[in-house]
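Participant: Residues per chain, in single letters:
Number of protein chains: 2
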Amino acid sequence: MASEPLALDIEKEPSGPLFLAIADAITRDIMRGRLKPGARLPGTRALARALGVHRNTVDAAYQELMTQGWLHAEPARGTFVAEDLPESMAEPVSVSVPREPATVRPHLAFSDGAPDPRLVPDKALARAFRRALLSPAFRGGADYGDARGTPVLRHALSSYLASDRGVVADPARLLITRGSQMALFLAARAAVKPGQAIAVEEPGYPLAWEAFRAAGASVRGIPVDAGGLSVAALEAAIESDPRIAAVYVTPHHQYPTTVTMGAARRLKLLDTVERHGITLIEDDYDHEYRFEGRPVLPLAARAPAGLPLIYVGSLSKLLSPGIRLGYAMAPEPLLTRMAAARAAIDRQGDAPLEAALADLIRDGDLGRHARKARRIYRARRDVLASALSAHLGGRIFFDRPAGGLALWLHCENVSADAWAERAGVAGLALLPGTHFALDRAAPQALRLGYAALDEGQIARAVDILARSLPD
Amino acid sequence: MASEPLALDIEKEPSGPLFLAIADAITRDIMRGRLKPGARLPGTRALARALGVHRNTVDAAYQELMTQGWLHAEPARGTFVAEDLPESMAEPVSVSVPREPATVRPHLAFSDGAPDPRLVPDKALARAFRRALLSPAFRGGADYGDARGTPVLRHALSSYLASDRGVVADPARLLITRGSQMALFLAARAAVKPGQAIAVEEPGYPLAWEAFRAAGASVRGIPVDAGGLSVAALEAAIESDPRIAAVYVTPHHQYPTTVTMGAARRLKLLDTVERHGITLIEDDYDHEYRFEGRPVLPLAARAPAGLPLIYVGSLSKLLSPGIRLGYAMAPEPLLTRMAAARAAIDRQGDAPLEAALADLIRDGDLGRHARKARRIYRARRDVLASALSAHLGGRIFFDRPAGGLALWLHCENVSADAWAERAGVAGLALLPGTHFALDRAAPQALRLGYAALDEGQIARAVDILARSLPD
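Protein chains in written order, with this note's numbering: chain L, 2 to 472; chain R, 2 to 472.
Keep in mind that the hints were calculated from the coordinates and are not lab data. Among these hints, one or two may not hold up.
It does not matter which identical chain is meant; a pair holds if it fits inside one copy or across any two.
[Stated by the list, open to error] Below are the EDC-like pairs computed for lysine to aspartate or glutamate, each with C-alpha atoms no more than 20 Å apart in a straight line:
#1 Lys-37 to Asp-171
#2 Lys-37 to Glu-240
#3 Lys-194 to Asp-117
#4 Lys-194 to Glu-211
Please construct the entire structure, taking both the sequences and the accompanying hints into account.
Facilitator: Right, here's the structure in full:
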């Protein structure tokens, strides 16, 4: 049972905390295969002596790796490399040592448009969560049981939507969910009978299609052009296919192309939906991230009263993908059906998280965070756009997105798949158009979700992008 | 816009904090209708002056009531009684002022078996949550995306189940869910095709039936006797109804009757399930709460390898209904199907909560809490059993439950519904047998979930119970 000696290759002058450099060295050894799943690590005392560091430093490194799932401890037996390594093993972006040693290839990823969790107002959130847990309301179990979510958050969200987006949302018509994914699933359950279809944008958001299919609906792609969903094509589809009972749109920043649906087309869409009596599902997933021009209000802010419109939003894009909080606004009886289905699959909301986020909204922390994040992401967008023009101008084209956390890169004369493959080998993960295709041919394009990369990472990523452009 | 003067009837010598006494007085005025929804409250300064207390005290009372959803603040306008009063309005158990003024009737409730959220190790939980939010793993977004849940919690849970229950659960076969409700929904989605049926205990757990129906399955009741689910009746049902594809059981403490399934019947159940090739869904919802005799290991601890058994558990019963964390263990490919459905309806788990609970398990806080809670609940059970015998002996009978958070009270010669109605008028909420009935006649019985009531509250509740016994 004696463990192997562990000769770690730790950076001599790590740019971050020493414990992270140790954690990073161990992670590298696991990735290289020098430390196998199940292998036992030396005790913290022994390793500290071997490395000439304080035992607490080694302990912090082990704790960090346990939190990340690389190691696990067995009481009275020791610390072992996890048998079941985290999914992120292939993408160790989480090891936050900014300078990589020469032996390890830089590993970067353009996401599908995730925010930067490093910006999360974590101290304010931790404080708010603590307040929520220690509050008499939580200890008294007061919020047990409303499938629509904690009243206090529905009230706070109602004010937020009214002041920020012109959406008048009666708290009684709001449903808090676990991220917008659940809101989309519940919307489809409430709006569509099994066997019916939902018209969706193509290219579009595959996770929404999964939610709709899980709810028993089929999905039918409607083409997207430079103005967003083609309402003429939608109209034709509805007339030819009586199964279409709803349409799903991302008018603010179309996913994945980032285009904004213009005012005239918005009115035409509302009119089409109303005439055909179908449900409109509006996903306003990153409303806060508008950098240019006047804010575009959601369809929900100007839809005629009585239109069956389900408005879906998320706080995950605003904070971190790890904060699971979405919401939906819908008229009765759609909301009642959604709440009933939510109770059946999830009983009730998450009282402490909901109370904590209500606090952040009420105290203004969320608004402050949104302003700060908007400033940072806007700068990152500009860095990305400049670097792309400088390195790839002429070979590719793109519109600098007016908002959102991603840029849509057209590359008509290049295979986006081949490009993504070559970039992957060079250490940069990319999402080509095939990722967003339903039935039609995939666009030769890449979605570059840049927000989680800092400016140095963006520069390196564009460098790899340029070097791996297929001939 | 001037607000009405507010003449509050505050207890002169409140037994709790003064701010809670003020909050309580305001709540009473709302409930009495003296303060209407939408009414404006005086400013904190004015009210503090009127009451002769410090302004912070009034502020704390308002904050408390906003957290509970009774009031809401509008920036620059003032504080108002919520238009949309919390569901708990009819049951202000959350207002934790122990001594009620004579004008207000004591309001108590026997639950369906919820734990006491006042016992939650909230400080340890707040600390663990803070650590999780501030950890590099969370800020790095490392845990994004595994639909089975955070690896570190699956590892911690695996050790916990092995040491505590003899259940050998490979972390790769564990799925973390939002409470056991979602685990039950996903179990039915994975095990049963739409149109097929799940055999369930009757009387039984209506929320499980809702989850199964939401997954497209019908439910078929199998009678329960003093030894739990009748396996002979199950066998007959399977033979007569080929739609039955799964059976749902609560063998440890049958819900709602609290009886434990004996060893011989357990073996017979496993044998029946195996011979007919149906899936076994075992809900071990309150394993930790065994007061008497040797611990009874779950079916999952002794099921033959390869049996399609889905084992479902929850940390909500151990901590608080407000902490939404359940889990399921299942063999491949059931687990893969469950994880895929979970991704479609909820994308991913709750990284901070999962990391925080992994911490509580690893540090031993969860085990310490379980031991403490077990001691307290056992004492409460004894107080309840003694009070029932003293006040109602001869009219009713019950077995002192060996475990669990509820007691099943038989009252064959009394209408349980009439009893519940009379007790309700006197201020005690009760759950009669009708609440747990599917197709068969409801048992004349009451489920007394006592765990959330302290000993004084139990005494008062039994007093009301005795006084409202129908003739």
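Participant: Using 20 Å as the alpha carbon limit, work out where Lys-37 and Glu-240 are close: within a copy, between copies, both or neither.
Facilitator: The answer is neither: 60 Å in one copy and 50 Å across copies each exceed 20 Å.
Participant: Tell me, please, which holds for Lys-194 and Asp-117 at an alpha-carbon limit of 20 Å: within, between, both or neither?
Facilitator: Answer is neither; intra-copy 38 Å and inter-copy 40 Å both fail.
Participant: Have a look at Lys-37 and Asp-171 and pick one of within, between, both or neither, based on CA distance no larger than 20 Å.
Facilitator: between (56 Å within a copy, 18 Å between copies)
Participant: How would you classify Lys-194 and Glu-211 at a CA-CA limit of 20 Å: within, between, both, or neither?
Facilitator: Both ways: Lys-194 and Glu-211 sit 16 Å apart in one copy and 18 Å across, limit 20 Å.
Against the hints set out earlier in the document, violations occur for numbers 2, 3.
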